[in-house]
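Colleague: Read top to bottom, the protein sequences are chains Y, Z, U and C.
In case it helps, the working numbering puts the first sequence at residues 4 to 90.
In case it helps, the working numbering puts the second sequence at residues 4 to 90.
In case it helps, the working numbering puts the third sequence at residues 4 to 90.
In case it helps, the working numbering puts the fourth sequence at residues 4 to 90.
Keep in mind that a hint or two might mislead.
As the list makes no split between identical chains, a pair holds if one copy fits it or if it spans any two.
Result set (BS3-like, lysine-lysine): computed pairs, CA atoms no more than 27 angstroms apart in a straight line [claimed, not checked]:
| hint | residue 1 | residue 2 |
| --- | --- | --- |
| 1 | K58 | K90 |
| 2 | K87 | K27 |
| 3 | K16 | K50 |
| 4 | K58 | K9 |
| 5 | K27 | K5 |
| 6 | K27 | K77 |
| 7 | K90 | K27 |
These aren't lab readings, by the way, just hints derived from the structure by calculation.
A quick note: this is a predicted structure, and the numbers were derived from the prediction, not measured.
Protein chains: 4
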Amino acid sequence: MKADRKAVERLIKTARGQLDGILKMIEEDRYCIDISNQISAAEQVLKKANREVLKAHMGSCVAEAIQQNGGEEKLNELFTTLDKLLK
Amino acid sequence: MKADRKAVERLIKTARGQLDGILKMIEEDRYCIDISNQISAAEQVLKKANREVLKAHMGSCVAEAIQQNGGEEKLNELFTTLDKLLK
Amino acid sequence: MKADRKAVERLIKTARGQLDGILKMIEEDRYCIDISNQISAAEQVLKKANREVLKAHMGSCVAEAIQQNGGEEKLNELFTTLDKLLK
Amino acid sequence: MKADRKAVERLIKTARGQLDGILKMIEEDRYCIDISNQISAAEQVLKKANREVLKAHMGSCVAEAIQQNGGEEKLNELFTTLDKLLK
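With the rest of the complex left out, here is chain Y (with noise of 0.2 angstroms):
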């Protein structure tokens, strides 16, 4: 991965950890809302650390192989991914 290894573990680990209060939450039979609320919380976080893994992609393997042979294929490797996550 290109990405900035620190990072992506650092937001893997904050979901993770929301994940744990998440479980106690539903063990203390919580409020929905807040449950919900939660779990949008961690999710967000998801998203960064996607968009972070993404990106440091596109930045070095996409560009080393745009640069070398045109980058068809990690293009249209891309594409799949971005096609999934922007619908």
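Starting from the structure of chain Y, add chains Z, U and C where the hints point.
Modeller: Frame of chain Y; chains Z, U and C shown alone:
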């Protein structure tokens, strides 16, 4: 929380397992696109958990409030959450 | 439709005006990112219109059905729509 | 714009036709859920148009900039757009 507690717990634990897998992938310096796809998969699981929580909330807390007092307060609270999620 | 008809009409007409602007930008061969940003702006307006329609629906049709007969059918119909939008 | 101009135009015109249909549905006081579904359909068409514009941009403007000067500026501009769309 009014949603099927076991089902939501299971989804959150699935997502937590996926995050553990992602941390391992980062450590093993796996390919960016594979990591991105795994992050997206975890996001999908959290979204499903969130939908379950919110639908159960509407079908119980919100519905009860509507029957008891028109539910204005519960509806407004729900709308605030939906406004954020449907952005 | 139960939403403020004038408000929703206004949003849809705003989006339609944006689409006319985008067609003109395409004809003038404008820069990709500018066109993308305008398409995103139109999407945001439609999302706002959709939120208004759905919130008014919940606060009227769904709430009335809940008061009259528990609203199971209306809730299921709403959940089908929300399941798609919250994907 | 670098995307297939005819294809993007066709999508934008499709969405515009859908918006005209929605305005008619509002005037005829049609059912909320039907209107919501039509708004969602128009959003999907715009998202598809946006994906086409952005992918063509990456495969042409951004790729050329990467080959000519590393593309830092074009990549950052693209990242700003993707950051908003992947929120």
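Colleague: Looking at the structure, which of the earlier hints fail to hold?
Modeller: Of the numbered hints given earlier, the structure breaks none, since each of them holds.
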